[in-house]
Amino acid sequence: MPISVVSGTSPTFSLQWQLPAESRSTRRCRPLPKAVRDALEHVHEEVVARYYGCGLVIPECLLSCRILDLGCGSGRDCYLLSQLVGEQGHVTGIDMTEGQVEVAKKHIAYHMNKFGYRKPNVEFLHGYIEKLSDAGLADESYDIVISNCVINLTPDKKAVLQEAFRVLKPGGEMYFSDVYASQRLSETIRKHRVLWGECLAGALYWRDLYSITEEVGFSPPCLVTASPITIGDKELEGIIGDCRFVSATFRLFKVPGGSRAGPGQVIYNGGIMGHERELVFDANFTFKEGEVVDVDAEMAAILQSSRFAEEFLIRAGASATAAQGNCCKRAKEKICNPFQLLEQLAAPGPACCPRGTSGPPGCC
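So the sequence shown is residues 1 to 364, counted in the UniProt record's numbering.
Possibly wrong hints are sitting among the right ones.
Listed below are the simulated DSS-like cross-link pairs for lysine-lysine, each with C-alpha atoms no more than 30 Å apart in a straight line [as the list claims (entries may be wrong)]: (1) K334 / K288; (2) K105 / K157; (3) K106 / K34; (4) K131 / K157; (5) K131 / K106; (6) K119 / K131; (7) K119 / K169; (8) K191 / K131; (9) K288 / K34; (10) K158 / K169; (11) K119 / K105; (12) K169 / K334; (13) K169 / K157; (14) K288 / K169; (15) K34 / K105.
Simulated from the structure, these hints should not be mistaken for lab results.
Generate the whole structure from the sequences, applying the supplied hints.
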């Protein structure tokens with residue numbers, strides 16, 4: 001079923017965040033890891049009820065990590081992550097809405113007791129995600145920054161990404177979901193009260209994400225997932241015109257300059273909790289335990305410099321013959337455009353495997 005996202009700014013308008021049939025099928029084949037499902041069940045009901053994010057934004061390989069949640073709201077994802085990082089990890093949530101932060105703080109003792117932790121591994125701050133230094137967050141102090149459909153609501157998205165880059169450690173990751181547009185938005189759309197409340201008026205043109213991240217210093221974005229957003233109101237459809245919107249998850253990495261060498265071959269060791277046999281890294285690369293995968297220079301640098309380094313055997317230089325017998329490696333180009341990913345998911349016929357996986361002859 002689609003998820004309706006209804007804003008208090010309009011009693012008659014709702015957005016439909018939908019997955020096409022093929023995408024729904026894919027997600028059924030790759031459900032949330034049991035550890036994530038169990039962790040969500042342990043979050044206090046008021047925290048869940050007061051949380052307004054979209055879906056879950058949970059990366060892999062989290063044990064003992066320090067994580068920052070931008071726009072944490074009532075703290076649902078923070079408390080979920082608190083369990084996944086373990087007692088030696090730490091989660092910080094920051095939000096501009098003081099009431100939401102107070103809800104999150106109110107339940108710290110409840111969750112620490114439920115998790116069996118001797119001392120809190122979470123904290124919640126009232127502040128602006130464009131000004132993390134004002135909240136006292138130091139340079140290179142986090143392994144991961146996450147955000148769940150929040151950045152579109154800030155007018156200065158570059159400032160948010162700059163601050164995220166600043167607080168990330170070398171090799172750190174920003175893993176976030178947000179709304180993107182198929183073109184730059186008109187002034188009429190950007191100033192529309194209802195569209196702003198529905199997270200559309202602040203949507204970034206997807207190509208601009210790539211240019212901004214390059215300016216900030218991140219590695220090129222890795223597209224993870226994409227889901228269509230449809231408008232259920234004729235008047236608003238007239239205002240939006242031919243512009244389309246998508247909910248997409250990306251991962252960005254703070255790759256140290258010296259790590260950017262050349263392409264390589266990698267073997268996933270297996271063992272990441274919930275992804276023991278297969279790690280679906282993004283829309284382009286799926287790593288199966290024990291299989292040799294050719295990766296480009298960007299992915300080689302990401303894996304080598306990040307928290308994933310210990311999970312892979314990494315060798316320099318890609319094999320010229322590695323693609324023989326693997327139709328997907330020969331035929332598929334890297335997917336960067338979330339709207340292209342939507343089209344691929346909706347295309348009839350058997351879904352082809354992502355780059356880095358082996359498929360049956362003729363699958364492409």
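Tested hints:
1. K334 / K288: holds, 19 Å
2. K105 / K157: holds, 27 Å
3. K106 / K34: Holds, at about 27 Å.
4. K131 / K157: Holds, at roughly 11 Å.
5. K131 / K106: holds, 24 Å
6. K119 / K131: holds, 28 Å
7. K119 / K169: holds, 24 Å
8. K191 / K131: It holds: about 24 Å lies between the C-alpha atoms, which stays within 30 Å.
9. K288 / K34: Answer holds: K288 to K34 is near 19 Å, not above 30 Å.
10. K158 / K169: Measuring from Cα to Cα gives roughly 19 Å; hence the hint holds.
11. K119 / K105: Satisfied, since the Cα-Cα distance of roughly 14 Å is no more than 30 Å.
12. K169 / K334: Judged against 30 Å, a Cα distance of about 27 Å means the pair holds.
13. K169 / K157: Distance ~20 Å between K169 and K157 Cα, so the pair holds.
14. K288 / K169: OK: K288 and K169 at ~28 Å, within 30 Å.
15. K34 / K105: Within the cut-off at roughly 26 Å; holds.
Figure legend: structure checked against the earlier numbered hints; every hint is met.
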